[in-house]
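Undergrad: The chain contents come next:
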Amino acid sequence: MSTTPKSLYRDEGVVLRTQKLGEADRIVTVLTRRHGKVRAVAKGVRRTKSKFGARLEPFSHVDLQLYTGRSLDVVSQAESIRSYGSVIAADYPAYTAGTAVLETADRLTAEEKEPSLRLFLLVVGALRALSDRTRPAGLVLDAFLLRAMSVAGWEPALGDCARCGTEGPHRHFSVPAGGSVCRECRPTGSAMPSPVTIEHLEALLSGDWERAEASENAQRREGSGLVAALLQWHLERGLRSLPLVDRSDVAPRREAGLLSEA
Amino acid sequence: MYEGAVQDLIDELGRLPGVGPKSAQRIAFHLLAAESADVGRLVAALQRVQAEVRFCVTCYNVAEGEQCRICRDPRRSTDVICVVEEPKDVVAIERTREFRGRYHVLGGAISPIEGVGPDDLRVKELMTRLMDGTVTELIIATDPNLEGEATAAYLARLVGPLGLAVSRLASGLPVGGDLEYADEITLGRAFEGRRRIDA
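Protein chains in written order, with full-length UniProt numbering: chain P, 1 to 262; chain B, 1 to 199.
For the record, the hints were derived by calculation from the structure and aren't laboratory data.
Among the clues, some could well be false.
The list that follows gives simulated cross-link-like pairs (lysine-lysine, DSSO-like), each with its CA atoms no further than 30 angstroms apart [what the hints assert, rightly or not]:
#: 1; chain 1: P; residue 1: K20; chain 2: P; residue 2: K43
#: 2; chain 1: P; residue 1: K51; chain 2: B; residue 2: K88
#: 3; chain 1: B; residue 1: K22; chain 2: B; residue 2: K88
#: 4; chain 1: P; residue 1: K20; chain 2: B; residue 2: K88
#: 5; chain 1: B; residue 1: K124; chain 2: B; residue 2: K88
#: 6; chain 1: P; residue 1: K20; chain 2: P; residue 2: K51
#: 7; chain 1: P; residue 1: K20; chain 2: B; residue 2: K22
#: 8; chain 1: P; residue 1: K51; chain 2: P; residue 2: K113
#: 9; chain 1: B; residue 1: K22; chain 2: P; residue 2: K43
#: 10; chain 1: P; residue 1: K49; chain 2: B; residue 2: K88
#: 11; chain 1: P; residue 1: K49; chain 2: B; residue 2: K22
#: 12; chain 1: P; residue 1: K49; chain 2: P; residue 2: K20
#: 13; chain 1: P; residue 1: K20; chain 2: P; residue 2: K113
#: 14; chain 1: B; residue 1: K88; chain 2: P; residue 2: K43
#: 15; chain 1: P; residue 1: K113; chain 2: P; residue 2: K43
#: 16; chain 1: B; residue 1: K124; chain 2: P; residue 2: K20
This structure is a prediction, so every number in the text was calculated from the model and none was measured.
Chain B with its partners taken away, still in its complex shape (with noise of 0.2 angstroms):
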């Protein structure tokens, strides 16, 4: 045990996500020889973060003011949703540059088990986007689990009466892997979304 203030710190640094005790002390005993400079910049991150980031009013991705940054931008697309379960599946899928249309951030997956049922998510909210007409194509990004297929089938069955596109993005054997290695759920997966090669 240390005295008081240094203490505290291992204490809340340890409270972190893969955080443990040797790795609360090192941090600790890092920022007790780190420059104020520094210290404060990182003092000043907090607080902006607790003061300005909220949920965008109309998808629910992490936002800085009423909108997010991508529903803010008139250069995408309007009629094309994406619905993923968090804020970090929205940063992944931008990273592949294939997307131009907007997004719906659900806030986690149906989950019976852990008591999270789709009143818990942003499925009523996500109704009321789809209602205006303006959407003509839906594609649920859940995570390819149990939890994301079944959230998944869910929402299909839901918007189905609405008459959109509706798709599910497809899963099977990861890019520059090898084939003998793919567990038999994920290789029945891939033949089942196979698709044809136009030559």
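One chain only, chain P, in its complex shape (with noise of 0.2 angstroms):
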């Protein structure tokens, strides 16, 4: 045994993902505060006499203690700070939209251990929205969606021209060319969104809630086709957890479909 100190390290995060690891432990992904992503071992978390019993749940706004592993770090400490958990459980479609934010963030956090500080603070801002239930749970994912492609560089074109940035608005949306654009540079099977839609995505993006809760249903679900595909196009491998989302808060209907013209 090598006796070479470990490293103990302390901060906050957001549970992102569980996995069963052997008899009694967990992989549990975290997005820290400072370190960014981290994949840490809890050990004997799934035991009753569990120390850390369910504080290490998903949508757990948690304080760790953590030291370095050789592949994996492991979880020495938890603390609660606040936990989302079983207000949004208990609200399908919270959960539902809560588990897309999630998985959003952890396939936007490809590299390990690098500090992603804002999309931490919007994880924790969408989860802390849908558990107060004042907003709707599709806008409020949706919202988090447009600032989350934001952040990791990919901020949708909602007014001027995505290719050659001609003042807009524009008529044509592309999803390849990433938002926007004008009737010259338009490629072929551009779609021809409601311009009350762009609008209502431009609201959602920066954070104007009364124009965005005022918007029709029509709006929102073309909207949140739009956001979907948009989000695929830049994932590369489609989110599990974004078909799935409950949106019968705003009406019925069947995403799949669109998002497989993506």
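Assembling the complex is the task here: the two chains are given apart, and the hints tell you how they should meet.
TA: Below you can see the structure in the form of structure tokens.
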């Protein structure tokens, strides 16, 4: 056994997902404030007498003490800062939207331990909004996805042309081009969403909730279809949780059809 | 590496959950040294499981034949259904001897991150069972973790219009435990679900 001292560090983070490991352990993926995404082993967490108890479930905002292990870090202590899980899980639309938030955050942080403070703050904000239930879950999700894409460097062009920068608004919208495109630049197969939908997306991106919440169901539906298509385009491999998002607080519909066209 | 048959056996055993390469090797050598009658019984048991065990047509618990033992039992009440995730959970609840109704095994919990939605579980089958009006109470006994709670919320919303009594298993402190070691989430739930003691 080597006697090198373990390097301990402390950080706060949101649990994105958990995977079973061996008999009683779990690997928890945490998006931390200062260390970016960290995958760490929580030993014995599945036992009833575990000191971690329910603190390391997805949607938990926790204060963690970790030490660096050989391949994965190990959680040595965990304290809850705020646990959004029980409130979110009790509301099915919020749960499915929240899961999509967590999966997106996991997928957007490709490198572990690469600080991503802005994404962390976005995730915390989205979970807080979902658990407060002051706004429709579907809108919170779409606003999060738009802003998370911006943080990742894929801010969709909603005003000026995505290709040549000609001042907008433009009628055409192309997912591969990255948003609105002018008449000259539009690639074949670009869509023509309603101009009101684009305004709705602008409101979501800039956090103008008054305008976003005043939107009609038709715009919300078209808007979330465009957001989903943009995200799937950038992530290459689709999100598993996105087609399962329950938007019955808007109107029942099938999202899968829209996604496959992207 | 061992020769042919021995290595094949080790490889097959190593694919079982919880069995690593060392354990696989230990089991393989135990079987090599065992009486042929013992090995024969193991082989027969494996083959019987393959050939005879299926899922009950009513509740989707594991069964030998069309229906499981519980669905065939006329003494069990038909007006209460307890919904669980896995057949293992049926066994766990049966051990309590507290429940005399029937079960419904969903086959998992809703977990969008794994790509598991309501359509991948036996939710439609549950709704069909509830439609004929004999069932008056539904007990949702999914796991007290995130996926289980979300599944419970989904089912409660779905069966709400049917006007059944719907309840959820209580969560709280483990019997025989110490209060001070409970995490705040579990302890909070125990407070939320506290009950009156009648003097």
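Undergrad: With reference to the structure, classify each hint as holding or not holding.
TA: Cross-check of the supplied hints:
Restraint check for P:K20 and P:K43: satisfied, since their Cα atoms lie roughly 11 angstroms apart, inside the 30 angstroms limit. Between P:K51 and B:K88 the CA atoms are separated by roughly 25 angstroms; this keeps the pair inside 30 angstroms, and the hint holds. The straight-line distance between the Cα atoms of B:K22 and B:K88 is roughly 28 angstroms, inside the 30 angstroms bound, and the hint therefore holds. Only pairs whose Cα atoms come within 30 angstroms are accepted, and P:K20 paired with B:K88 is accepted, the gap being roughly 17 angstroms.
At roughly 21 angstroms between alpha-carbon atoms, B:K124 and B:K88 fall within 30 angstroms of each other, so this suggested pair holds. Distance check on the hinted pair: P:K20 and P:K51 sit about 17 angstroms apart at the alpha-carbon level, within 30 angstroms; holds. Straight-line distance between C-alpha atoms of P:K20 and B:K22 comes to about 21 angstroms, which keeps the hinted pair within the 30 angstroms bound. Of the pairs offered as hints, the one joining P:K51 and P:K113 holds, with about 26 angstroms between alpha carbons and a cut-off of 30 angstroms not exceeded.
Proximity of B:K22 to P:K43 is assessed by CA-CA distance (about 22 angstroms); at most 30 angstroms being required, the pair is judged to hold. Distance restraint check for P:K49 and B:K88: the Cα-Cα separation of roughly 21 angstroms lies within the 30 angstroms cut-off, and the hinted pair is therefore satisfied. For the given pair, P:K49 sits about 29 angstroms from B:K22 by alpha-carbon distance, which is consistent with the 30 angstroms threshold. With a C-alpha separation of about 17 angstroms, the suggested pairing of P:K49 with P:K20 holds against the 30 angstroms cut-off.
Between P:K20 and P:K113 the alpha-carbon distance is near 21 angstroms, which keeps this suggested pair within the 30 angstroms criterion. A threshold of 30 angstroms between alpha carbons decides the hint, and for B:K88 with P:K43 the separation of about 24 angstroms falls inside it, so the pair holds. Of the supplied pair hints, the one linking P:K113 and P:K43 holds, its CA atoms being roughly 21 angstroms apart against a limit of 30 angstroms. The straight-line distance between the Cα atoms of B:K124 and P:K20 is roughly 29 angstroms, inside the 30 angstroms bound, and the hint therefore holds.
The structure meets every hint from the earlier list without exception.
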